[in-house]
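Trainee: Same order as they appear, the protein sequences are chains A, B and C.
Position one of the first sequence corresponds to residue 0 (numbering that gives the first Met the number 0), numbered consecutively onward.
Position one of the second sequence corresponds to residue 0 (numbering that gives the first Met the number 0), numbered consecutively onward.
Position one of the third sequence corresponds to residue 0 (numbering that gives the first Met the number 0), numbered consecutively onward.
Hints may be right or wrong, so weigh each one.
Claimed, not checked - Residues of chain C placed beyond 12 Å of chain B at every Cβ, according to the derived structure:
| # | residue |
| --- | --- |
| 1 | 13 |
| 2 | 30 |
| 3 | 52 |
| 4 | 58 |
| 5 | 109 |
| 6 | 227 |
What the hints assert, rightly or not - What follows is a list of derived Cβ distance ranges for each label pair:
| # | chain 1 | residue 1 | chain 2 | residue 2 | range |
| --- | --- | --- | --- | --- | --- |
| 7 | C | 58 | A | 151 | 27 to 37 Å |
| 8 | A | 338 | C | 58 | 58 to 68 Å |
| 9 | A | 258 | C | 143 | 38 to 48 Å |
| 10 | B | 17 | C | 93 | 50 to 60 Å |
| 11 | B | 171 | C | 72 | 22 to 32 Å |
| 12 | C | 58 | A | 33 | 20 to 30 Å |
| 13 | A | 339 | B | 30 | 30 to 40 Å |
| 14 | C | 98 | A | 222 | 38 to 48 Å |
| 15 | B | 17 | C | 22 | 44 to 54 Å |
Simulated from the structure, these hints should not be mistaken for laboratory data.
We put the beta carbon where it would ideally sit given N, CA and C, even for glycine.
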Amino acid sequence: MRLRASILAITASLALSMAAPAGAQDALRIRLNADIRSTDPGVNRDANTDGLMWHVLEGLVALRADATIAPMLAERVDVSADGLTYTFPLRRDVRFHNGQPLTAADVAFAMERYRKRETNWRCRGDFDSDVTRLTAVETPDPHTVVMRLEQPSALFLTMLARPDCGQAGIFHRDSLNADGSWRAPVGTGPFRLGEWRRGQFVELERFAAYAALAGEPDGLAGNKTPMVDRVRFTIIPDDAASRAALLAGNIDVLPDARTRDLPDLRARPGMSVHSSPSFDLQIILMQTNDPVLRDVRMRRAMALALDVPELVRAVTEGSSRPSRAPIPVGSGFHTPAMSVVPPRDLAAARRLAQEAGYRGQPIRIVTTRRYEAFYEIAVLAQDMLRDAGINLELEVIEWATQLQRYTRGDYQMMAFGFSARLDPSLSFEMFTGPKATQPRKAWDNPEMQALLEASMRETDPARRRSTFEAMFRQLMEDVPVVALYSSVTHAVTPAHVQGYRTWAVDAPRAWGVRVQR
Amino acid sequence: MRLRPNLLIGGTLLGLVFAMAGTALVWTPHDPVRTNLRRRLVAPSRDYWLGTDEFGRDVASRLMEGAVTSLSVAASTVVVALVLGVAIGLAGGFLRGWTDRILGAVNDTLLAFPGILLALGLLAVLGPSRWGIVLALGLAYAPSVARVVRGSVLSIREREFVEASRALGNSERYTLLRHVLPHTAAPVIVLATSLFGWIILSESALSFLGLGVPPPAATWGNMLASARPFMDKAPLLSIAPGVMIATCLLGVNLLGDVLRDLLDPRDEA
Amino acid sequence: MPGACGCSAEVLSYVLKRLLVALPTLLLVAGSVFFLMRLIPGDPAIVVLGDAATPEAVADLRIAYGLDRPVLVQFALWIERALGGDLGRSITSGEAVGPLILQRFQVTAAIVFASVGLAVLIAVPLGMIAAWKQNSWGDVAAVAGATFLLSIPSFWLGLIFLLVFGLWLGWVPVVGYVTFAEDFWGALHYIVLPVATLALIETGVLIRMARASTVEVLRLDYVAHARAKGVPEWRVLARHVFPNAFAPTLTLIGLIMGSLLGGIAVIETVFTLPGLGRLLVEAIFARDYPVIQGVMLFIAVIYVVVNLVVDLLYPVFDPRVTAG
Numbered sequence: 000m001r002l003r004a005s006i007l008a009i010t011a012s013l014a015l016s017m018a019a020p021a022g023a024q025d026a027l028r029i030r031l032n033a034d035i036r037s038t039d040p041g042v043n044r045d046a047n048t049d050g051l052m053w054h055v056l057e058g059l060v061a062l063r064a065d066a067t068i069a070p071m072l073a074e075r076v077d078v079s080a081d082g083l084t085y086t087f088p089l090r091r092d093v094r095f096h097n098g099q100p101l102t103a104a105d106v107a108f109a110m111e112r113y114r115k116r117e118t119n120w121r122c123r124g125d126f127d128s129d130v131t132r133l134t135a136v137e138t139p140d141p142h143t144v145v146m147r148l149e150q151p152s153a154l155f156l157t158m159l160a161r162p163d164c165g166q167a168g169i170f171h172r173d174s175l176n177a178d179g180s181w182r183a184p185v186g187t188g189p190f191r192l193g194e195w196r197r198g199q200f201v202e203l204e205r206f207a208a209y210a211a212l213a214g215e216p217d218g219l220a221g222n223k224t225p226m227v228d229r230v231r232f233t234i235i236p237d238d239a240a241s242r243a244a245l246l247a248g249n250i251d252v253l254p255d256a257r258t259r260d261l262p263d264l265r266a267r268p269g270m271s272v273h274s275s276p277s278f279d280l281q282i283i284l285m286q287t288n289d290p291v292l293r294d295v296r297m298r299r300a301m302a303l304a305l306d307v308p309e310l311v312r313a314v315t316e317g318s319s320r321p322s323r324a325p326i327p328v329g330s331g332f333h334t335p336a337m338s339v340v341p342p343r344d345l346a347a348a349r350r351l352a353q354e355a356g357y358r359g360q361p362i363r364i365v366t367t368r369r370y371e372a373f374y375e376i377a378v379l380a381q382d383m384l385r386d387a388g389i390n391l392e393l394e395v396i397e398w399a400t401q402l403q404r405y406t407r408g409d410y411q412m413m414a415f416g417f418s419a420r421l422d423p424s425l426s427f428e429m430f431t432g433p434k435a436t437q438p439r440k441a442w443d444n445p446e447m448q449a450l451l452e453a454s455m456r457e458t459d460p461a462r463r464r465s466t467f468e469a470m471f472r473q474l475m476e477d478v479p480v481v482a483l484y485s486s487v488t489h490a491v492t493p494a495h496v497q498g499y500r501t502w503a504v505d506a507p508r509a510w511g512v513r514v515q516r
Numbered sequence: 000m001r002l003r004p005n006l007l008i009g010g011t012l013l014g015l016v017f018a019m020a021g022t023a024l025v026w027t028p029h030d031p032v033r034t035n036l037r038r039r040l041v042a043p044s045r046d047y048w049l050g051t052d053e054f055g056r057d058v059a060s061r062l063m064e065g066a067v068t069s070l071s072v073a074a075s076t077v078v079v080a081l082v083l084g085v086a087i088g089l090a091g092g093f094l095r096g097w098t099d100r101i102l103g104a105v106n107d108t109l110l111a112f113p114g115i116l117l118a119l120g121l122l123a124v125l126g127p128s129r130w131g132i133v134l135a136l137g138l139a140y141a142p143s144v145a146r147v148v149r150g151s152v153l154s155i156r157e158r159e160f161v162e163a164s165r166a167l168g169n170s171e172r173y174t175l176l177r178h179v180l181p182h183t184a185a186p187v188i189v190l191a192t193s194l195f196g197w198i199i200l201s202e203s204a205l206s207f208l209g210l211g212v213p214p215p216a217a218t219w220g221n222m223l224a225s226a227r228p229f230m231d232k233a234p235l236l237s238i239a240p241g242v243m244i245a246t247c248l249l250g251v252n253l254l255g256d257v258l259r260d261l262l263d264p265r266d267e268a
Numbered sequence: 000m001p002g003a004c005g006c007s008a009e010v011l012s013y014v015l016k017r018l019l020v021a022l023p024t025l026l027l028v029a030g031s032v033f034f035l036m037r038l039i040p041g042d043p044a045i046v047v048l049g050d051a052a053t054p055e056a057v058a059d060l061r062i063a064y065g066l067d068r069p070v071l072v073q074f075a076l077w078i079e080r081a082l083g084g085d086l087g088r089s090i091t092s093g094e095a096v097g098p099l100i101l102q103r104f105q106v107t108a109a110i111v112f113a114s115v116g117l118a119v120l121i122a123v124p125l126g127m128i129a130a131w132k133q134n135s136w137g138d139v140a141a142v143a144g145a146t147f148l149l150s151i152p153s154f155w156l157g158l159i160f161l162l163v164f165g166l167w168l169g170w171v172p173v174v175g176y177v178t179f180a181e182d183f184w185g186a187l188h189y190i191v192l193p194v195a196t197l198a199l200i201e202t203g204v205l206i207r208m209a210r211a212s213t214v215e216v217l218r219l220d221y222v223a224h225a226r227a228k229g230v231p232e233w234r235v236l237a238r239h240v241f242p243n244a245f246a247p248t249l250t251l252i253g254l255i256m257g258s259l260l261g262g263i264a265v266i267e268t269v270f271t272l273p274g275l276g277r278l279l280v281e282a283i284f285a286r287d288y289p290v291i292q293g294v295m296l297f298i299a300v301i302y303v304v305v306n307l308v309v310d311l312l313y314p315v316f317d318p319r320v321t322a323g
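Looking at chain A on its own, in the form it has when it is part of the complex (with noise of 0.2 Å):
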């Protein structure tokens, strides 16, 4: 009798100091190179907390791998003949992470909280413009929801889908206070949120419960099946300090691995690096309003003066292709004329800029160390401009004071870079725009502005491709910015991780990825 209870008692035991480790290992662990921001949808958010949050929080739609949308929460979604009503009939197996049902109720609830002012939501003018005006959103049953447009809108989806604004995920209310100031995410999708310890580490667990769609992952979209029990995104601020952790063991994924150190981790046995374009844009952004830059040919000299190919080959170690089109080059809409990069003529930089009256003033390109890649965009742009006697100087300043100085057009020359924009208007838009009201604007041509709003209105996508090759022709000719290149995500996994893969958006997705020791 009583050896058998001890040996229950030991076999218990062992069992479950085996269950404990098999539940510790089944975690899988991120490396997060800052910590997150807040956990408020949309709101207090930067590429890394959008990267955490969408494990947690769905929309109505999502985006697919290329950008475009698929339903998410919504079963489909049916737009009406005139673009003006967009109706969404609900999925009806999804549930809450509180394990309430979704309801028609809830989407109107989350909605009705992004636009209103005191929130903050960061598309809020968004979906309130010239462009985009949602007039309405209805409630017709407990399931299907109803969002009525001023004017027709292709844009409309795409911002429904945007990860930097949360997604427009749907949240319950019970995310809430009792006096309406967030709490914690309570959403809808495979992961809820752990434990966040502030500067070390966010944990997310799996949500037993998700109603994954069939199918394959595909982007922030299709099936989502959570294959670890926890993930644990640790935060590493240093780029050496995580690839050493990464070798040790510590973590499981490196996310954003640099590419200069590729070679050698390729080398260890069993590691696995995965690439991807993203949808970002580095660019030389010039003031068309400055003196010595408002004349076309002096900007058409710089631009010729650039050997683009051999600057990206440089900055980005050879991982990225040069481009001078603004839509990506992972994007459906980024045509084979958007990739011709004219090569490097000094002798005719040279005659024009002594047509446009240029006499070798100093022009000077502000840039940061903040981003070393805007840096040696413009140390090596420098160089390659004086092969053609045009004299440029740095004016290296600190990021914020950057952004200031972007936002109001205070500069002459300025190397910068833009968030992936996933929708081909955005990416014209981010820098198309009348200066007297959006002095950021670099391109101020009423033309191209006309073209670029039909454009957001059009819901074609063959008549928007070639409303799209028309504005990249002007630009190749107004030359208000010279593009460059869009950054290539690498992310490197050892051989127990499986299933990872990276995407447009550089940061990374925990579903569909298992961990087996």
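Position chains B and C against the provided structure of chain A, taking the given hints into account.
Mentor: Here is chains B and C on its own, set in the frame of chain A:
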């Protein structure tokens, strides 16, 4: 006994640094600012004595250029700190009363400000520049000078020759400048040498944080900051500027000791 | 300044007077920071919004952060809340500033105290022995070594240590931090390199200081007197020399602590430690006004307190001191 080795070593080290700077004014092996993409992170060779950095620039040339920048920034800053500090210290120590209290409050405020905040503030408002750094660091170190000067003045003002000067009917200002000031010279000179060292250190620290003399100008602090991502691939990039800073500081400190022994043998602090 | 009396009433009134006098300085510091930050280009709204900063979004956010009101009003509001113990919330992370500062300060304090403590333990005895055996080879070596140590830039030494012990040898982790409460041995691992770095350099400074003040005291009459009376050497050292030599060293320790709080930012950056210095630097770059204001106020208070403590301890070691 201790004088001679200190003088020898300190003098040699500092002399070396000054020689580097002096040479750099007329010649460097390569252009310290010119980039060369085909020669990035090259190992030391006959052509590039210390190799090249991440932009293909010659490290040796940048080191020499850095000497010029670091020394000139430090010297200018010492001047600013001295002028401000002596002014505040003299006025407060000699005039006393409300002047002293107000100046003391201002001094304490400046002292409580971490240099970083001051530097960032001034640089952001003035634009990134050498003079911004000089002003910011000068302001940051002036209070230390003011304190020393004030203390010195306090102990001197009651001495006989000051009384005598007053008795003779000289104005306060005359007494101040003609009699008090020269006697504060000794501790101030000693402090100035320490200041020189601290400022070189502070400038490199600021550059390391991203606030120093703006690139592409070469300063040792800048070079250290840029070298950080390449620490394991090209350690020489981190070691060279650090060695230069340490050498310069050691020379300054040793010579400072010699000066101290000469000018104020009693006060060895 | 109360003399060797140590009467508690006198001491208390002295402390209160000092604290009262410090208030205007604190106000001046807080005010200067407040206005300086708002003069600098770039504000938190722009930093948060980044390259998508439309004028409307920026304006809305500025209202949310209370930045649209006149600066004096903002300052008055901040003072009012600060007096009630509320230093606001960080714009970057949303955390309450007060607890955040205390949390980060623990890290910084641990490193500062550990390194100064270590340095004092090594440097003071060494410095005194060097002074005692003045001009011997040991003395020369000590001074040379000390001068060499204090000439090394601390952050460079930190980088080298990190490279050698962290990356090449792998003896210590390259990044991270855990509080002693959570994991004593783990915390030791993370803290060893930064403490060693700082301690080495401070040892250099303190050896020279201790040596210098000991030399001075040894020359004094009453030491010669005691020796002449036949008092054993060790007693001369312990009873007469040590306490008097320590006083100026104490002042220096106070100054070091003060300056360290400013310079610690670089060490914390090198070792990526969640300390107060790094908090300030990052807050400045992110224009996180509430954090900057809170930290500056905190540093000013620390500075006042440290100076006060040093001044109070002085007469304990040097009964001759009566003038403050």
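Trainee: Give me the numbers of the hints this structure contradicts, sorted from smallest to largest.
Mentor: 2, 8 and 11
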